[in-house]
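If you read the sequences in order, they're chains C and U. Numbering-wise, our numbering puts 219 at position 219 of the first sequence, and it's gapless, one number per residue. Numbering-wise, our numbering puts 189 at position 189 of the second sequence, and it's gapless, one number per residue.
Source of the hints: derived by calculation from the structure; they are not laboratory data. Just so we're clear, the structure is a prediction, and the values are computed from it rather than from any experiment. Among the clues, some could well be false.
[As the list claims (entries may be wrong)] Below, in silico cross-link-like pairs of lysine to aspartate or glutamate (EDC-like), each with a Cα-Cα straight-line distance of 20 Å or less:
| hint | chain 1 | residue 1 | chain 2 | residue 2 |
| --- | --- | --- | --- | --- |
| 1 | C | K311 | C | D340 |
| 2 | U | K174 | U | D161 |
| 3 | C | K303 | U | D54 |
| 4 | C | K113 | C | D228 |
| 5 | C | K311 | U | E211 |
| 6 | C | K328 | U | D54 |
| 7 | C | K328 | U | D289 |
| 8 | C | K113 | U | D54 |
| 9 | U | K174 | U | E211 |
| 10 | C | K10 | C | D340 |
| 11 | U | K174 | U | E122 |
| 12 | C | K238 | C | D340 |
| 13 | C | K328 | U | E295 |
| 14 | C | K303 | U | E232 |
| 15 | C | K303 | U | E230 |
| 16 | C | K10 | C | D139 |
| 17 | C | K113 | C | E269 |
| 18 | C | K311 | U | D161 |
| 19 | C | K238 | C | E269 |
| 20 | C | K10 | C | E336 |
| 21 | C | K311 | U | E235 |
| 22 | C | K92 | C | D145 |
| 23 | C | K10 | C | D228 |
| 24 | C | K328 | C | E269 |
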Amino acid sequence: MSVAELLEGKRVCVCAGSGGVGKTTTSAAIALGMAAQGAKVGVVTIDPARRLANALGLEELQNEPRRVEAKRLAPAGLEIRGELWAMMLDPKRTFDELIDRIAPDASRATEIKANRVYRELSTAVSGSQEFTAIAKLYDLDREGDFDLLVLDTPPSRNALDFFEAPGRLTSFLEGRALKAFMRPTGVGMRVLGKGAVPLLAGLRRVTGVDLVTDLSTFFQLLGGMTTDFSLRAAEVEKLLMASTTAFLLVTSAQGEPIDEAIWFRRTLEAGGIQFGGVVVNRVHHDLLGDSEPDDVSAALARKLGRELADKVASNFRDYHVLARRDYKNIGRLERELPGDPLVLIPHLDDDIHDVEGLLQMHRYLFASRSERQRLIAEVVA
Amino acid sequence: VAELLDKRLVFVTGKGGVGKSTVAIALGLLAARRGLRTIVAELASQDRAQRAFDQNGAQFREVELAPGLFTISIDPQRAMEEYLRIKVGALGHVLSGSRLFHAFAMATPGMRELLSIGKVWELAQLQRQTRGAAPYDFVVVDAPATGHGVGTLRTPRTFADIARVGPIARQGRKIAATIADHDFTGVLAVAIPEEMAVNEALLLQDALAREALPLDTVIVNALYPARFVEGERAELSAALPRTRSRLARSALTAALSEHARAATQREQIQRLSDGINSPLIELPYVFADHVGREELERLSHVLEAEL
């Protein structure tokens with residue numbers, strides 16, 4: 001199945017997967033392909049390779065999508081019938097803009113942005129990338145300027161971080177746990193309810209008085225905004241669960257990413273989230289058929305001499321260890337996720353981080369099944 | 001600065017998918033072979049060390065994989081419970097039984113990282129705080145991917161700064177001082193010779209320098225063998241159009257393609273060695289079905305020869 005079919009009728013495509021499997025390039029190639037077919041597509045990338053960023057005209061972090069000029073892609077021979085827009089997420093700025101938007105007035109926004117807890121929250125802390133990526137996706141979706149939004153997800157070891165991290169941050173911002181047992185006053189803290197006494201005492205003993213005071217100042221500043229965070233969180237969840245949102249899982253064919261893909265898929269299912277399919281990158285296709293690597297030396301010895309022919313054969317043998325590994329893992333993926341569409345992309349020659357690479361990947365992603373077979377046959381011989 | 005194996009605590013970090021776990025376990029095997037009581041502490045992965053040794057199940061427990069080699073998967077929630085029990089005593093039990101407190105602590109940004117690294121610190125102490133636990137000579141931390149990895153290393157300092165006074169500040173400062181002690185703590189970056197992984201190793205070097213932390217060694221993982229010299233490549237290219245058999249054509253194509261990849265890798269290693277001030281160690285690509293005990297042993301011997 002081609003990615004175009006998987007994304008039919010979708011407005012949002014989230015590319016998830018564990019680190020180092022080619023998510024960013026896959027996201028960009030998907031956006032490119034959909035734009036080529038006539039849609040107005042916005043792709044939100046996170047930390048793309050410099051050459052890829054340059055290819056898309058993303059010289060710096062910016063917080064609004066910019067149109068990728070068609071002439072950048074034209075030399076490579078792809079006609080863009082729609083529009084391709086791209087942006088590179090700036091988490092700190094996205095967070096600041098969110099505060100600007102929901103703060104009751106500008107001076108409150110300034111105060112919050114100067115708060116120590118906030119500064120840590122919006123920069124250093126893990127989870128801020130995930131939180132702001134979803135925030136950006138939500139805002140772009142609401143503005144409604146695009147036919148399709150493609151979101152690359154932040155690099156993490158665990159694909160599920162993308163769902164869990166924003167929730168953790170949101171529940172912190174909502175301050176539910178904290179509000180339940182303390183109320184900030186002018187000096188320090190007044191305790192609400194008897195049961196909270198040891199809790200608060202313990203909290204202060206474990207964390208130190210200043211931290212508690214800082215947090216309380218922070219929540220005082222947030223004030224009624226915590227409700228907005230809750231409302232937004234509910235809206236974001238609705239967007240992620242919508243039938244017009246598709247999750248594509250990006251993986252390589254190695255054992256661990258495949259394990260993770262299977263597990264992630266199950267978690268999505270349990271959460272009632274729409275699943276688009278799996279893109280398996282860097283597949284080593286079987287070139288051997290029924291032959292043995294030794295047949296290779298024999299076939300080439302006359303042309304290349306024994307020594308070189310043996311080297312070619314030994315390379316071929318190693319390649320086939322990987323091909324067999326990949327086939328085994330893909331087979332497991334198929335068995336574990338019956339009926340889910342798989343799109344296999346071969347292990348392409350170069351580290352793909354430029355327009356040429358993007359187009360190469362695009363060709364596989366958007367090929368119909370039979371076209372893909374033909375493309376693979378070309379690689380094979 | 002002490003040699004890597006003379007340190008007690010070594011963090012292994014790098015971009016996602018570059019083989020951090022593999023390198024961490026191989027280093028652990030090497031240390032154990034040298035007679036050091038060693039533990040591989042996983043911060044973000046799911047029992048990879050146990051699975052590589054065909055064991056499973058034990059969470060947040062120090063499990064012996066091989067003579068002298070242990071592993072633990074650190075879960076922040078469990079680390080918190082343990083910390084509260086040790087530090088706050090009876091009150092700790094009240095706190096750790098409180099759902100509100102859990103929700104608060106787990107939601108506080110950076111708290112999970114602090115708790116995890118606190119546990120790592122505890123593992124590396126000569127006087128273990130966990131009752132009845134024997135000390136380790138060498139603690140290898142399979143750390144989260146680079147961006148988060150430096151964040152994790154920074155967390156104790158951040159918390160000490162935020163909390164200023166009180167037990168967390170004190171604890172934070174103590175851990176931060178341990179991490180900043182170059183004789184005690186080391187950092188090992190893993191990269192594969194690809195553009196993004198190299199970029200990340202270079203960024204990591206800068207980020208560590210900003211925190212005044214050392215970058216001891218960079219491991220360049222998954223290197224293709226240099227099978228063909230340039231003249232041979234030319235021969236293979238010339239042979240391809242004159243070859244008819246499908247099998248032979250496939251083999252020639254695969255050879256040319258691996259040669260091209262190896263060349264790209266060499267360029268990236270050059271970039272890495274131009275930009276990195278620490279020694280580079282190369283590990284070969286493992287052509288195997290999966291990286292299990294046998295492969296890890298092999299890699300640990302390569303490491304041993306290079307370190």
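Requested in this report: Hint by hint, work out which the structure violates, then give me just those numbers in ascending order.
Outcome: Violated hints (numbers, rising): 1, 3, 5, 8, 12, 17, 18, 20, 22, 23, 24; every other hint is consistent with the structure.
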